[in-house]
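All chains should be built: construct the whole structure from the sequences, respecting the hints.
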Amino acid sequence: MTLEQLRDEYRTERIGLRWLAEVRSVARSVTSSYSPEIYADGLSWQSALEDLVQEVVTERLLREGQAAYLIDVAATYDDFRRLLARQIRLTLARQRRRTIVDQLLSRSRRLLGSDPFILVEAPTAAWTLPGTQRELRAPTPRELRQACDAVRVFPRVIGRGYERASTVYRTKDLRALLEVVVRDLPTPVRLKDLDAIFCGLLTPLLPSDLDPGAPPPGGAPAFLSPEDDYRVESTVNELLSTLSDDQSALLRAKLNGVSDSDIAANLGLSRPTAAKRKTEVMRVLSERMSDLPQDLAARVVAELGVRLSAGTTS
Amino acid sequence: VTSHIEQAPLPEWLSSALTASPPSSSGDRTSDVTDLQVGDLWVFESCDGQPPIRRIALVLDTDGAQVHVALASAEVAWASANDIILPTDLTGCPYELMIQPGVHGRVWWRQASHRVGIVNDDHLDAILDFLWDERPTELEDLRGLGPTSSQDESRIEFERHELEAFRRLEVAAGNEPDESYGTPLIDVSILRSSGLTEEEARDLAAAFDRPDITFCVGLQGPPRPSDNGHRLVQLFGPDIIGWRLAEAAEHALLSKTAELHVLTSGSTAENVVIAPTSFMGGVVYYHALGRRDSSTDDFPLGFLDGIPVMGGDRG
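For the record, the sequence lines run as chains A and B. Under my numbering, think of the first position of the first sequence as 801, with each following residue one higher. Under my numbering, think of the first position of the second sequence as 4, with each following residue one higher.
Derived from the structure by calculation, the hints contain no laboratory data. Among these hints, one or two may not hold up.
[Claimed, not checked] Sample of chain A residues facing chain B (criterion: CB under 8 angstroms; computed from the structure):
no.	residue
1	Ile815
2	Gln854
3	Thr858
4	Leu862
5	Ala868
6	Asp872
7	Val873
8	Pro941
9	Cys948
10	Ser1059
11	Ser1061
12	Ala1065
The beta carbon of each residue, even a glycine, is placed where N, CA and C say it ideally should be.
Quick look at the structure:
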């Protein structure tokens, strides 16, 4: 097979039998390093390969136009196969993320069924908090983005690389996350909105997807002695009582990865002014944490992020 | 094998899929390079003597034989709030593309292969504003939800791949070191970020008058024609090396707590490596090759000379 033959086929019929043969060949090669337990519903790849091929061709190459992308940027036949392999890995990663997000949605639905959440029909099932007035409409992309940013700092359970669907969030963290989302969005929260937020929070490619042979990331979290734990807790409390509301809001935004430009826009400030205020917050942090070793300082910042996002500052 | 392939009928599911996803009218996909215009999305090909690579880029400006472009990635699943997604109905391109503010530079006109789409003037102006750190309302709905690089290890990997690919295109533009300048002085005295005017930056530089340090301004956004001809070392830019570092440097300067040796060419500090990619017309361009400590997995946290540093990587 040559790249020119594949280009010719694309010009005349887009995806024909030559392309199909390439997809099958590359998929066979790619899946050899992916566990069928995780990525093929426990079936052997021999049985599941054709489903994967159809998914790649139908969704990625045709519906999302990636076949045209391959033709546009592949400079050689090897390039074509490499790009095609990338499409197949993305498809596998997406399927896995879908499974993980579906499980999170299922757990969320259960948690939303109890206090403090209130079910409203608007017109599909949606949730809000007691005593809040909500606009009966869908959230805008900007509002969803802000909700995403508000909960990005919530701690995740580090996957061990071999689960089909990692837990991602412990139940208490998931409940707190849902509270923040329902509190912050100016509309009732639908499962569809949570779906978008979870997809935004979860990276489409896990490191193990990029390099299936690599050891899983993370590992056991560093142990904190009771004394260290106390130092972290007291530093966090001290900082939270020191920072003004504006400073807390700014720090929360920074810890959630919001850019200076967006902070300035959200606070109605010029960027230099926002940067100056941020510098002041950093100075406060620097002073209060100057005695802490770096690993404890990192813990302080992590805990600050969660407490500020969840609104539990006392 | 070939004749078997040619004689076999298409499977029914594939015929249905082809019908369900008709080819998009991709607009004017001409390959006449003289027709290249600002706002076009073109495929550019490297020509650096290595096996060629092709990448799509948005044309921001044209200048003689060179074109100023921003890399457009098809991997839109990575798009964060600091990136712009270009949907197919906006460009006429059959697939979505993503513009990352930090990844832009100059290539030769002759590297252009063929056009794949066009961005209209209004959106192009908004994108340029975005690259210059504005937040135009027209682009609000086109920003992604994904993690920024300070939050996600694999996003960092993705950015590294993108930068490496783009450097190959840029190197191919022939931006070889200008011999007349000899080895460029790389020491950095001032990093202009967070809105300091050039005058303010110069004042700040004067406050740190050191004969062994070259005046340096880190600019956001695309280089401007007015930069050319100046003895200006341009860190290109904070949005590539990350605001975390840029702001740390600024903070360190303001508080007089740190030497800025961390930005010296080729040095490694806080796992940041900065290396020159080109030296042209008195302007030195740099790209960060790698950075970040993977041990702080979830939080945008770093330390520079004892100063806690955090924040989004892009302006």
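Hint check results:
Checking Ile815/A against chain B by beta carbon gives a least distance of about 7 angstroms; that is within 8 angstroms, so the hint holds. Proximity of Gln854/A to chain B holds as hinted, the smallest CB-CB distance being about 6 angstroms (cut-off 8 angstroms). Taking 8 angstroms as the C-beta cut-off, the interface hint given for Thr858/A holds, the closest approach to chain B being about 4 angstroms. A least Cβ separation of about 4 angstroms between Leu862/A and chain B falls short of the 8 angstroms threshold, and the interface hint therefore holds.
About 4 angstroms separates the beta-carbon of Ala868/A from the nearest beta-carbon of chain B, less than 8 angstroms, and the hint is met. A hinted interface residue such as Asp872/A counts as satisfied when its beta carbon comes closer than 8 angstroms to some beta carbon of chain B; here the least separation is about 5 angstroms, so the hint holds. With 8 angstroms as the threshold, the beta carbon of Val873/A comes within range of chain B, its nearest partner Cβ sitting at about 4 angstroms, so the hint holds. A hinted interface residue such as Pro941/A counts as satisfied when its beta carbon comes closer than 8 angstroms to some beta carbon of chain B; here the least separation is about 5 angstroms, so the hint holds.
For Cys948/A, the interface hint holds, since its Cβ comes within 8 angstroms of a Cβ in chain B; the closest pair sits about 5 angstroms apart. For the restraint placing Ser1059/A at the interface with chain B, the shortest Cβ-Cβ distance is roughly 4 angstroms, inside the 8 angstroms limit, so the hint holds. Taking 8 angstroms as the C-beta cut-off, the interface hint given for Ser1061/A holds, the closest approach to chain B being about 5 angstroms. For Ala1065/A, the suggested interface contact is upheld, since its CB lies about 5 angstroms from the closest CB of chain B, less than 8 angstroms.
In terms of the numbered hints stated before, the structure departs from none.
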